[in-house]
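A.B. asks: So you can see what is in the structure, the chains are spelled out below.
Number of protein chains: 2
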Amino acid sequence: MIVTVTLNLALDVTYEVGEVTWHAANRVSAVAHRAGGKGVNVARVLHAIGHDVLVTGLVGGSTGEAVRSDLAAAGLADALVPIAGETRRTLAVVDGAQGDATGFWEAGPTVTATEWARLLEAYRGLLDDADAVVLSGSLPPGAPADAYAVLCGLAAEAGVPAFLDADGEALRLGLAGRPALVKPNRDELARVTHHADPVEAAEALRAEGAEAVVVSLGAEGLLAVTAEGRWRAAPPSRVAGNPTGAGDAAVAALAAALVAGHGWPDRLEQAVALSAAAVGAPLAGSFDEPAYRRHLGAVRAEPVSGSPSPT
Amino acid sequence: MIVTVTLNLALDVTYEVGEVTWHAANRVSAVAHRAGGKGVNVARVLHAIGHDVLVTGLVGGSTGEAVRSDLAAAGLADALVPIAGETRRTLAVVDGAQGDATGFWEAGPTVTATEWARLLEAYRGLLDDADAVVLSGSLPPGAPADAYAVLCGLAAEAGVPAFLDADGEALRLGLAGRPALVKPNRDELARVTHHADPVEAAEALRAEGAEAVVVSLGAEGLLAVTAEGRWRAAPPSRVAGNPTGAGDAAVAALAAALVAGHGWPDRLEQAVALSAAAVGAPLAGSFDEPAYRRHLGAVRAEPVSGSPSPT
Chain A
1 MIVTVTLNLA
11 LDVTYEVGEV
21 TWHAANRVSA
31 VAHRAGGKGV
41 NVARVLHAIG
51 HDVLVTGLVG
61 GSTGEAVRSD
71 LAAAGLADAL
81 VPIAGETRRT
91 LAVVDGAQGD
101 ATGFWEAGPT
111 VTATEWARLL
121 EAYRGLLDDA
131 DAVVLSGSLP
141 PGAPADAYAV
151 LCGLAAEAGV
161 PAFLDADGEA
171 LRLGLAGRPA
181 LVKPNRDELA
191 RVTHHADPVE
201 AAEALRAEGA
211 EAVVVSLGAE
221 GLLAVTAEGR
231 WRAAPPSRVA
241 GNPTGAGDAA
251 VAALAAALVA
261 GHGWPDRLEQ
271 AVALSAAAVG
281 APLAGSFDEP
291 AYRRHLGAVR
301 AEPVSGSPSP
311 T
Chain B
1001 MIVTVTLNLA
1011 LDVTYEVGEV
1021 TWHAANRVSA
1031 VAHRAGGKGV
1041 NVARVLHAIG
1051 HDVLVTGLVG
1061 GSTGEAVRSD
1071 LAAAGLADAL
1081 VPIAGETRRT
1091 LAVVDGAQGD
1101 ATGFWEAGPT
1111 VTATEWARLL
1121 EAYRGLLDDA
1131 DAVVLSGSLP
1141 PGAPADAYAV
1151 LCGLAAEAGV
1161 PAFLDADGEA
1171 LRLGLAGRPA
1181 LVKPNRDELA
1191 RVTHHADPVE
1201 AAEALRAEGA
1211 EAVVVSLGAE
1221 GLLAVTAEGR
1231 WRAAPPSRVA
1241 GNPTGAGDAA
1251 VAALAAALVA
1261 GHGWPDRLEQ
1271 AVALSAAAVG
1281 APLAGSFDEP
1291 AYRRHLGAVR
1301 AEPVSGSPSP
1311 T
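Protein chains in written order, with our numbering: chain A, 1 to 311; chain B, 1001 to 1311.
Hints were generated in silico from the structure; no laboratory data involved.
Take the hints with a grain of salt, since some may be wrong.
Going by beta-carbon spacing under 8 Å, a handful of chain A positions derived as facing chain B [unchecked claim]:
(1) V17
(2) W22
(3) H23
(4) A24
(5) N26
(6) V31
(7) A66
(8) V93
(9) D100
(10) T102
(11) F104
(12) W105
(13) E106
(14) A107
(15) W264
(16) D266
Distance ranges between label pairs, derived from CB positions [what the hints assert, rightly or not]:
(17) A1024(B) x G18(A): 18 to 28 Å
(18) A145(A) x D1129(B): 49 to 59 Å
(19) R27(A) x E1228(B): 31 to 41 Å
(20) A1024(B) x R27(A): 18 to 28 Å
(21) A1122(B) x D131(A): 51 to 61 Å
(22) R27(A) x A1113(B): 20 to 30 Å
(23) G75(A) x E1019(B): 39 to 49 Å
(24) G168(A) x G1103(B): 28 to 38 Å
Residues of chain B placed beyond 12 Å of chain A at every Cβ, according to the derived structure [unchecked claim]:
(25) D1052
(26) S1069
(27) R1088
(28) R1118
(29) D1146
(30) E1188
(31) A1207
(32) G1261
(33) R1300
(34) V1304
By construction, the Cβ of each residue, glycine as well, lies at the ideal position given by its N, Cα and C atoms.
Kindly produce the complete structure, drawing on both the sequences and the hints.
C.D. replies: Structure follows, in structure tokens:
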């Protein structure tokens, strides 16, 4: 079983508007609701490729109930921890005439010390049956700044590999928990390490505690920097579509490949194939299955030469 | 007791954003929720000026529960009828830098025939103890087009004066139920009657079934066209502020004055005073109490001369 942890879960809401008039009132022609947050996207992908998955995190209020119902409707088991605050919403207003979207992201409820302690207790219990844990996304207000260091550290002590997909301070402080893998994108990596070169920057994260680093390079694919070597793999062709959720699909593939016993660089090839197939699907957490199978046969990882700068 | 009926209730949500970047993701710095819909604003004002009030309408889902809790928190009793659909939200995104707002209005859930029948049954029961009913706002999808004719007709049969604040087809068809008063604004009135002159247009509505017509003229105040005569009253001075909810305050005052036994044109003066005091308050459903008392002593209705065109 793979456990996905999403501390700042959301209800993703989409408003379709024929043509948005800013600074005026607009009629919404269609409303869609979906459980969201990066860890939920990872769980959807893992479930779709046949893995047992369990969703945990913090939810509260009626919006939390809506998240829970949508997870159940998607066939995803949850071990969510209730909190007093109301789960946040992330709203995308899609402008039919412009063909683009404007997003409004609520910050999320403030987590109390007692609620955080309850999450830790529940998480420790889940580690007993976990083959891997995936920790994704931003921290809610009130959570400790080193939340991911604590969660990765507990996983390491239980012998469970932890995959961390966070950025900024949450990522930087999380490295102390010695995650099995971190997956920043190029910009996040540069911001956290102040190294422009992705290989140098990834080695800097390894020096601070990450066992392996996979960097998403957008259309150029993924770079893996590990104890066993360094590889880069790109999609077989340029994929048009929706890049939201491509990183979550990559993390899902990396965790699934480790649990299935695949080594490097196979894990990287699977991650590129699944990530490219996710770009071809309209919603984060979904992917184009025929494209995934085609990509799996076509993606080839190439070793990356050069030695890292000292960090 | 005054019963307010809001068929298309809403949860009014306000997102504060420092400076909105359209076509990009924005962090929401504060979120506020409030039970909304024109009839709820009327009920808040009636409650504040000391009237017994009961809120009815259709609510569903967790958003309906949020509406209900907020009504209770405001001290408003409700006799809301549950429906299977989820109550709509109306979102205002307030741009701190621009100092203005963009609205996104959900259409609301579709009401089934059975749910409509249940509303009618509950409403008929409420008429037994009602001194007046106020029917406000748009019709939800699925409600009959002549919903307000039916509701006004039932009130008339029970001897309860009905105040109708609607526009377009809902207003036009509602006249057949012989409401005691309708309150269009000047633009709504012109659209429904195709008369440019407000007195002519108001007489046209009276000819189709409205006992009295009060037209809101914005900063110029209110015009009353009744069987007892015609009057116009304006605020004592230009009031700066938020005009949202001023019409709802006017309807509240008109219903309250009738229940208290005041005649024309006193009712009109009270409506102008309360409406102007509502413009000075930040939220729809609230008003500036000292301003209300000052205006009450200062507003004077003037008879409007001239005979109506034949309709």
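A.B. asks: With reference to the structure, classify each hint as holding or not holding.
C.D. replies: Hints and how they fare:
1. Interface hint at V17(A): satisfied, since its Cβ lies 7 Å from the closest Cβ of chain B, which is below the 8 Å cut-off.
2. At its closest, the beta carbon of W22(A) sits 5 Å from a beta carbon of chain B; the interface hint therefore holds under the 8 Å criterion.
3. Interface hint at H23(A): satisfied, since its Cβ lies 5 Å from the closest Cβ of chain B, which is below the 8 Å cut-off.
4. A least Cβ separation of about 7 Å between A24(A) and chain B falls short of the 8 Å threshold, and the interface hint therefore holds.
5. Taking 8 Å as the C-beta contact cut-off toward chain B, the hint placing N26(A) at the interface holds, the least distance being around 5 Å.
6. A least Cβ separation of about 6 Å between V31(A) and chain B falls short of the 8 Å threshold, and the interface hint therefore holds.
7. The interface hint given for A66(A) holds, since its Cβ lies 6 Å from the closest Cβ of chain B, which is under the 8 Å cut-off.
8. The closest approach between the C-beta of V93(A) and any C-beta of chain B is roughly 6 Å, which is under the 8 Å cut-off, so the hint is satisfied.
9. About 5 Å separates the beta-carbon of D100(A) from the nearest beta-carbon of chain B, less than 8 Å, and the hint is met.
10. Evaluation of the T102(A) hint against chain B yields a held restraint, the C-beta minimum of about 5 Å falling below 8 Å.
11. Using the Cβ-Cβ criterion of 8 Å, the hint placing F104(A) at the interface with chain B is satisfied: the shortest such distance is roughly 5 Å.
12. At its closest, the beta carbon of W105(A) sits 5 Å from a beta carbon of chain B; the interface hint therefore holds under the 8 Å criterion.
13. Of the supplied interface hints, the one on E106(A) holds, with its beta-carbon coming within about 5 Å of a beta-carbon of chain B, less than 8 Å.
14. Checking A107(A) against chain B: minimum C-beta separation of about 7 Å stays under 8 Å; hint holds.
15. Interface restraint check: W264(A) against chain B, minimum CB-CB distance 34 Å, threshold 8 Å, status violated.
16. At its closest, the beta carbon of D266(A) sits 34 Å from a beta carbon of chain B; the interface hint therefore is violated under the 8 Å criterion.
17. Between A1024(B) and G18(A), the C-beta spacing of about 21 Å keeps the proposed range 18 to 28 Å intact.
18. For the pair A145(A) and D1129(B), the beta carbons lie near 58 Å from each other, so the given range of 49 to 59 Å is met.
19. In this structure, R27(A) and E1228(B) meet the distance hint of 31 to 41 Å, their C-beta atoms being roughly 39 Å apart.
20. Range check, A1024(B) to R27(A): about 23 Å between beta-carbon atoms, so the 18 to 28 Å window is met.
21. Taking the beta carbon of each, A1122(B) and D131(A) are about 55 Å apart, inside 51 to 61 Å as hinted.
22. About 25 Å separates the C-beta atoms of R27(A) and A1113(B), a value consistent with the hinted range of 20 to 30 Å.
23. G75(A) and E1019(B) have their C-beta atoms about 41 Å apart, which keeps the hinted 39 to 49 Å range intact.
24. Look at G168(A) against G1103(B): about 33 Å separates their beta carbons, and that is inside 28 to 38 Å.
25. A cut-off of 12 Å between C-beta atoms confirms that D1052(B) is not in contact with chain A; the least separation is 30 Å.
26. The claim that S1069(B) lies off the interface is violated: its Cβ sits roughly 10 Å from the closest Cβ of chain A, which falls inside the 12 Å cut-off.
27. Distance to chain A contradicts R1088(B) as a non-interface residue, since its nearest Cβ pair spans about 8 Å, not more than 12 Å.
28. Residue-level check passed: R1118(B) sits 23 Å from the nearest beta carbon of chain A, beyond 12 Å.
29. No beta-carbon of chain A comes within 12 Å of the beta-carbon of D1146(B); the shortest separation is about 22 Å.
30. Annotated as non-interface, E1188(B) keeps its C-beta farther than 12 Å from every C-beta of chain A; the closest such distance is 15 Å.
31. The claim that A1207(B) is not at the interface with chain A holds, since no C-beta of that chain comes within 12 Å of its own (minimum 32 Å).
32. Once the 12 Å rule is applied to beta carbons, G1261(B) is consistent with being away from chain A; the minimum gap is 38 Å.
33. Remark: the non-interface label on R1300(B) is consistent with the geometry, its nearest Cβ contact in chain A lying 34 Å away (cut-off 12 Å).
34. At roughly 32 Å from the closest C-beta of chain A, the C-beta of V1304(B) stays outside 12 Å, upholding its exclusion from the interface.
When each numbered hint is compared with the structure, violations occur for hints 15, 16, 26, 27.
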